[in-house]
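Enquirer: Build out the structure end to end from the sequences listed, making use of the hints.
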Amino acid sequence: MESIVSCRDVTKVYREDGIQVTAVDEVDLAVTPGEFVSLSGPSGSGKTTLLNLIGGLDSPTRGDIAVAGRRVDHQKKAALAELRLRQIGFVFQAYNLIPVLSALENIEFVLQLQGAGRKERRKKATSMLEQVGLEGMGDRRPAKLSGGQQQRVAVARAIVSDPSVVLADEPTANLDSATAFSLMDLFARLNEEKGTTFIMTSHDPRMIERTRRNVELRDGKVARDEAVR
-12 MESIVSCRDV
-2 TKVYREDGIQ
8 VTAVDEVDLA
18 VTPGEFVSLS
28 GPSGSGKTTL
38 LNLIGGLDSP
48 TRGDIAVAGR
58 RVDHQKKAAL
68 AELRLRQIGF
78 VFQAYNLIPV
88 LSALENIEFV
98 LQLQGAGRKE
108 RRKKATSMLE
118 QVGLEGMGDR
128 RPAKLSGGQQ
138 QRVAVARAIV
148 SDPSVVLADE
158 PTANLDSATA
168 FSLMDLFARL
178 NEEKGTTFIM
188 TSHDPRMIER
198 TRRNVELRDG
208 KVARDEAVR
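Sequential numbering from -12 applies to the sequence shown in the working numbering.
Any given hint might turn out to be false.
As the list claims (entries may be wrong) - Taking lysine-lysine pairs in the DSS-like style, the calculated list, with each CA pair at most 27 Å apart, reads:
1. K181 <-> K208
2. K181 <-> K106
3. K63 <-> K110
4. K110 <-> K131
5. K181 <-> K111
6. K131 <-> K111
Unchecked claim - Between beta-carbon pairs, the in silico distance windows are:
7. R73 <-> D51: 15 to 25 Å
8. G5 <-> H190: 27 to 37 Å
9. S164 <-> S30: 33 to 43 Å
10. G5 <-> S114: 27 to 37 Å
11. S164 <-> D4: 33 to 43 Å
12. A130 <-> D4: 37 to 47 Å
13. S(-10) <-> A160: 34 to 44 Å
14. R128 <-> S164: 40 to 50 Å
15. E179 <-> R57: 23 to 33 Å
16. I85 <-> A160: 19 to 29 Å
17. N161 <-> Y1: 38 to 48 Å
18. F79 <-> D172: 18 to 28 Å
Just so you know, the hints here were simulated from the structure itself, not pulled from any lab data.
Ideal Cβ placement from N, Cα and C applies to all residues, glycine included.
Expert: Below you can see the structure in the form of structure tokens.
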């Protein structure tokens, strides 16, 4: 099966105050449609950097990265923005919801950027709100939602346009254990029922166990790549 995400010899080198740091070191990674992958490793292992490189939020020093058959590395800004808008969903640790918009409007926002009509946006966003267990909360702004509820809105926003892959950076880090497990159950259900491809970073073994494949990074290199279940 053709990969939905492909990384070949990907390396990222940072230079700060005359010091060179290799955050990601010659990483090869292929993810096929429908996979649920966790990137794990200690702080500084390169997992968040690799996720950002896949999402086009950062550029590799060298190597090739492709998402849905299109190169991500070294794209012009406009082309990269269009690729992220159409093919990649993001779930951030800090939620990144727009505070002046309601939950429903936050979910609709990506569809609006894609040019979808109002009725279509509202129908899809309402359905998505129900799927993530927040039916009846569409009018609430982020400040009126709990952390777990905000993260569910962020997940709904990430997947409402059916992207090729959803990238989640430590999505459970700011949640209590019960809410974190509930969110991972949601990811698993969406992965199984909708075939949504997830790549998430985590340092928590309990969350990693809920995924299907774990890629462990050490000092920027792939130390282990194995099935979880």
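Enquirer: Evaluate each hint against the coordinates.
Expert: Now the hints, each set against the structure:
1. At roughly 31 Å between alpha-carbon atoms, K181 and K208 are farther apart than 27 Å, so this suggested pair is violated.
2. Note on K181 and K106: the hinted pairing holds, with a Cα-Cα distance of about 23 Å set against a maximum of 27 Å.
3. For the given pair, K63 sits about 33 Å from K110 by alpha-carbon distance, which is inconsistent with the 27 Å threshold.
4. Distance check on the hinted pair: K110 and K131 sit about 23 Å apart at the alpha-carbon level, within 27 Å; holds.
5. Annotation: proposed proximity of K181 to K111 holds, straight-line Cα distance about 14 Å (limit 27 Å).
6. At most 27 Å may separate the alpha-carbon atoms for a hinted pair to count; K131 and K111 meet this at roughly 22 Å.
7. Evaluation of the 15 to 25 Å hint for R73 and D51 yields a pass: the beta carbon distance comes to about 20 Å.
8. At about 30 Å, the beta-carbon gap between G5 and H190 stays in the expected band of 27 to 37 Å.
9. At roughly 20 Å, the beta carbons of S164 and S30 sit outside the given window of 33 to 43 Å.
10. Between G5 and S114 the beta carbons are some 53 Å apart, a value that contradicts the proposed interval 27 to 37 Å.
11. For S164 paired with D4, a C-beta distance near 39 Å keeps the hint of 33 to 43 Å intact.
12. Range check, A130 to D4: about 39 Å between beta-carbon atoms, so the 37 to 47 Å window is met.
13. Hint check: S(-10) to A160, Cβ distance near 28 Å, so the stated range 34 to 44 Å is violated.
14. Take R128 and S164: their Cβ atoms lie about 26 Å apart, and the range 40 to 50 Å is violated.
15. The hinted window of 23 to 33 Å between E179 and R57 holds, with their beta carbons roughly 27 Å apart.
16. For I85 and A160, the hinted distance range of 19 to 29 Å is satisfied, since their beta carbons lie about 21 Å from each other.
17. Take N161 and Y1: their Cβ atoms lie about 26 Å apart, and the range 38 to 48 Å is violated.
18. Taking the beta carbon of each, F79 and D172 are about 20 Å apart, inside 18 to 28 Å as hinted.
Violation of the numbered hints given earlier is confined to hints 1, 3, 9, 10, 13, 14, 17; the remaining hints are satisfied by the structure.
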